[in-house]
Amino acid sequence: MAVAERGRSPALLPPVSERLGPLAWLKRNLFSTWYNSLLTILVGYLLYVVLVPFFEWAILNATFFGDSKEACDFDGACWALITSRLGQYLYGLYPVAERWRVNAAFLLLILAMVPLFLPRFRHRLLYACGLVFLYPPVAYLFFAGGVFGLPFVETAQWGGLFLTLVIAGVGITASLPIGVLLALGRRSEMPVIRALCVVFIEVIRGVPLVTILFMASVMLPLFLPPGVTIDKLLRALIGVALFASAYMAEVVRGGLQGIPKGQYEAAMALGLGYWQMMGYVVLPQALRMVIPGIVNTFIGLFKDTALVTIIGLYDLLGMSRFIIQDPKWLGLAAESYLFAGFGFWVFCFAMSRYSMYVEKVLSAGERR
Amino acid sequence: MSGKGAPAIVMEAVHKWFGEFHVLKGIDLEVAEQQKVVICGPSGSGKSTLIRCINALEDYQQGRIVVDGIEVTKDVKNVEAIRREVGMVFQQFNLFPHLTVLENLILAPMHVRHMPRKEAEELAMQLLERVKIPEQAHKYPGQLSGGQQQRVAIARALCMKPKIMLFDEPTSALDPEMIKEVLDVMVELAEAGMTMVVVTHEMGFAKSVADYIVFMDEGEIVEIAPPSTFFTSPKSERTRLFLSQILHH
Numbered sequence: 001m002a003v004a005e006r007g008r009s010p011a012l013l014p015p016v017s018e019r020l021g022p023l024a025w026l027k028r029n030l031f032s033t034w035y036n037s038l039l040t041i042l043v044g045y046l047l048y049v050v051l052v053p054f055f056e057w058a059i060l061n062a063t064f065f066g067d068s069k070e071a072c073d074f075d076g077a078c079w080a081l082i083t084s085r086l087g088q089y090l091y092g093l094y095p096v097a098e099r100w101r102v103n104a105a106f107l108l109l110i111l112a113m114v115p116l117f118l119p120r121f122r123h124r125l126l127y128a129c130g131l132v133f134l135y136p137p138v139a140y141l142f143f144a145g146g147v148f149g150l151p152f153v154e155t156a157q158w159g160g161l162f163l164t165l166v167i168a169g170v171g172i173t174a175s176l177p178i179g180v181l182l183a184l185g186r187r188s189e190m191p192v193i194r195a196l197c198v199v200f201i202e203v204i205r206g207v208p209l210v211t212i213l214f215m216a217s218v219m220l221p222l223f224l225p226p227g228v229t230i231d232k233l234l235r236a237l238i239g240v241a242l243f244a245s246a247y248m249a250e251v252v253r254g255g256l257q258g259i260p261k262g263q264y265e266a267a268m269a270l271g272l273g274y275w276q277m278m279g280y281v282v283l284p285q286a287l288r289m290v291i292p293g294i295v296n297t298f299i300g301l302f303k304d305t306a307l308v309t310i311i312g313l314y315d316l317l318g319m320s321r322f323i324i325q326d327p328k329w330l331g332l333a334a335e336s337y338l339f340a341g342f343g344f345w346v347f348c349f350a351m352s353r354y355s356m357y358v359e360k361v362l363s364a365g366e367r368r
Numbered sequence: 369m370s371g372k373g374a375p376a377i378v379m380e381a382v383h384k385w386f387g388e389f390h391v392l393k394g395i396d397l398e399v400a401e402q403q404k405v406v407i408c409g410p411s412g413s414g415k416s417t418l419i420r421c422i423n424a425l426e427d428y429q430q431g432r433i434v435v436d437g438i439e440v441t442k443d444v445k446n447v448e449a450i451r452r453e454v455g456m457v458f459q460q461f462n463l464f465p466h467l468t469v470l471e472n473l474i475l476a477p478m479h480v481r482h483m484p485r486k487e488a489e490e491l492a493m494q495l496l497e498r499v500k501i502p503e504q505a506h507k508y509p510g511q512l513s514g515g516q517q518q519r520v521a522i523a524r525a526l527c528m529k530p531k532i533m534l535f536d537e538p539t540s541a542l543d544p545e546m547i548k549e550v551l552d553v554m555v556e557l558a559e560a561g562m563t564m565v566v567v568t569h570e571m572g573f574a575k576s577v578a579d580y581i582v583f584m585d586e587g588e589i590v591e592i593a594p595p596s597t598f599f600t601s602p603k604s605e606r607t608r609l610f611l612s613q614i615l616h617h
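Chains as they are written, first to last, in our numbering: chain U, 1 to 368; chain H, 369 to 617.
Check before you lean on any hint, since a few could be wrong.
[Stated by the list, open to error] Which chain H residues face chain U? A few, computed with CB under 10 Å, are given here:
1) A424
2) N446
3) V447
4) E448
5) E453
6) M456
7) F458
8) Q460
9) M483
10) C527
11) K531
[Unchecked claim] Label pairs and their calculated CB-CB ranges:
12) U:I259 - H:R432: 43 to 53 Å
13) U:C129 - H:D543: 36 to 46 Å
14) H:H506 - U:I230: 49 to 59 Å
15) U:V358 - H:K393: 48 to 58 Å
16) U:L362 - H:D543: 21 to 31 Å
17) U:G300 - H:K548: 17 to 27 Å
18) U:L362 - H:E545: 56 to 66 Å
19) U:F214 - H:W385: 20 to 30 Å
20) U:G300 - H:E388: 18 to 28 Å
What the hints contain is simulated information worked out from the structure, not anything from laboratory work.
By construction, the Cβ of each residue, glycine as well, lies at the ideal position given by its N, Cα and C atoms.
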């Protein structure tokens with residue numbers, strides 16, 4: 001054979017990767033042929049036409065401070081709306097003097113979560129479960145008050161980004177455990193449990209969230225005995241949590257199906273019971289596999305919380321609509337909605353980046 | 369069948385069907401304590417199903433299996449009691465990929481036997497020494513070779529201090545150069561007096577270790593004989609045919 005006859009070939013070095021200067025890069029990627037050049041010029045022109053006026057409007061000609069839209073330059077964005085009403089965007093109609101309670105509760109949550117990020121902390125899962133059960137009542141005491149000399153603030157006054165975070169937070173923390181239970185139930189060998197889970201998941205997933213929220217706010221009171229009322233926010237929270245759980249269940253089920261049968265058999269052969277097998281062997285692998293799907297559901301849920309405006313709750317989007325109805329700021333829809341959109345984007349983007357980080361950490365070293 | 373002790377496993381007229389398919393057709397088998405039994409036979413003969421019935425990974429429809437004095441039934445308590453005493457090693461290793469080697473070993477002792485972590489780790493390290501890979505304790509299974517993974521799997525099963533060990537084709541998924549390191553561990557285990565039921569085609573292992581060899585075909589036990597007579601003067605034509613197929617290449 002030719003290879004044998006050639007004898008020892010010189011050691012091959014990997015090809016030197018080319019380093020292009022900016023001009024050469026431009027030529028190769030943007031102006032390589034006449035039609036690429038044409039496209040580049042066309043797209044450049046379009047960007048110029050769209051971005052430059054936007055930049056002028058949003059930054060150069062914008063007014064950042066003022067008491068009403070009279071203070072604003074007609075040519076530019078009126079960010080004075082945001083700066084003067086920032087408190088309402090963040091807290092809704094929560095009494096100004098009590099807003100520190102919201103901050104304190106969120107600060108408390110952040111502090112309580114610190115141990116979860118310590119690498120040498122052994123009982124992370126147990127701690128997280130404790131937090132899930134203990135934090136909500138504590139937070140409720142802060143938010144609603146009525147005890148320890150804190151004035152009562154009814155949930156109708158909760159609003160803005162604060163309300164968005166409350167709804168999304170409850171939805172996210174409730175949907176994961178409920179979703180896992182539903183997914184396990186759907187794969188259970190007990191027919192009654194399996195049937196219940198299938199019906200629940202398929203019914204909830206087959207209905208738009210808007211419908212569930214409407215039913216929760218309009219129909220549920222009809223079925224309750226007169227005189228009994230359930231707080232509107234609570235009803236929305238339950239609706240959102242159940243809705244997200246059904247989606248989460250299907251995401252988790254996808255992960256469960258990806259676990260080879262041998263893993264179950266090895267766990268059983270070692271004498272592990274059902275919950276031990278699921279808790280120590282199956283779920284850690286299954287959940288890890290579907291982190292992108294889980295975070296996708298979280299992000300979808302976070303944005304879906306905006307739908308609560310239609311049952312009269314003032315979340316971030318609801319507040320941005322509410323504020324521009326003030327005669328002082330009438331007609332500033334663009335600024336208000338842009339700001340709300342930016343608020344949602346910041347949180348969703350942060351979740352997305354965090355999930356990528358988690359995936360990287362979890363997969364490090366584990367598989368070749 | 370020398371040195372017969374108390375029965376560790378008794379199977380009486382065990383029948384099993386997968387749907388319409390009759391996999392086990394009246395299996396009678398007795399394994400005494402400290403005995404080593406090798407089960408062989410063509411693929412689809414029901415040998416894997418047979419040993420998976422012993423620790424209730426498969427159920428059976430007729431007959432009786434008694435393991436270490438406990439009858440194998442569908443009752444969860446019974447099944448868990450049996451699985452605590454019976455270790456199993458699989459063809460595909462089935463290590464838990466999200467746990468390190470050490471964590472793989474201590475999982476069951478800690479959560480099933482309620483052993484304190486420190487004690488479980490000490491035991492695990494002893495067993496890793498025994499299978500000659502203590503230096504791999506903190507690696508993940510994916511970083512090990514097949515032979516190393518299978519030795520970890522053996523150590524993991526031993527960590528539960530089982531009275532009986534089941535091996536389901538432990539070397540079939542290994543590259544040839546790794547088979548010996550796994551067989552060496554199994555031979556050592558046999559010499560230490562473990563009760564073992566091994567499904568394998570490694571006839572060298574069978575010859576040197578087995579008290580008797582069980583040949584299965586089409587869901588039946590065709591022949592049971594000690595290695596001395598099994599290889600030299602098999603009684604059944606089917607056994608002779610099988611042996612000629614696996615020994616002559």
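Task: Status of the H:E448 interface restraint (C-beta, 10 Å, chain U) - done: holds (6 Å)
- [ ] Check the following: the C-beta atoms of U:L362 and H:D543 are separated by a distance inside 21 to 31 Å.
- [x] Holds: the Cβ-Cβ distance is about 29 Å, inside 21 to 31 Å.
Task: Hint check for H:D543 and U:C129 - Cβ pair distance inside 36 to 46 Å - done: holds (44 Å)
Task: Hint validity - H:M456 Cβ closer than 10 Å to any chain U Cβ - done: holds (4 Å)
Task: Per-residue hint verdict: H:A424, partner chain U, C-beta under 10 Å - done: holds (8 Å)
Open item on the list: Hint H:C527 vs chain U: min CB-CB distance below 10 Å?
Closed with: holds (9 Å)
Task: Status of the hint placing H:K531 at chain U (closest C-beta pair under 10 Å) - done: violated (13 Å)
Open item on the list: Would the hint on H:F458 be counted as holding, given a Cβ-Cβ threshold of 10 Å to chain U?
Closed with: holds (6 Å)
TODO: Confirm or reject the claim that U:F214 and H:W385 have a C-beta distance inside 20 to 30 Å.
DONE: Between U:F214 and H:W385, where Cβ atoms are some 53 Å apart, the hint is violated.
Open item on the list: A closest beta-carbon separation below 10 Å is what the hint needs, so does H:Q460 meet it against chain U?
Closed with: Constraint on H:Q460 satisfied, holds at 5 Å.
Task: Consistency of beta-carbon spacing, H:K393 to U:V358, with hint 48 to 58 Å - done: Taking Cβ atoms as reference, U:V358 and H:K393 lie about 52 Å apart, which means the hint holds.
Open item on the list: Given a hint of 56 to 66 Å, does the C-beta separation of U:L362 and H:E545 actually sit inside it?
Closed with: Violated, at about 33 Å.
Violated hints for the displayed structure, listed by number in ascending order: 2, 9, 11, 12, 17, 18, 19, 20.
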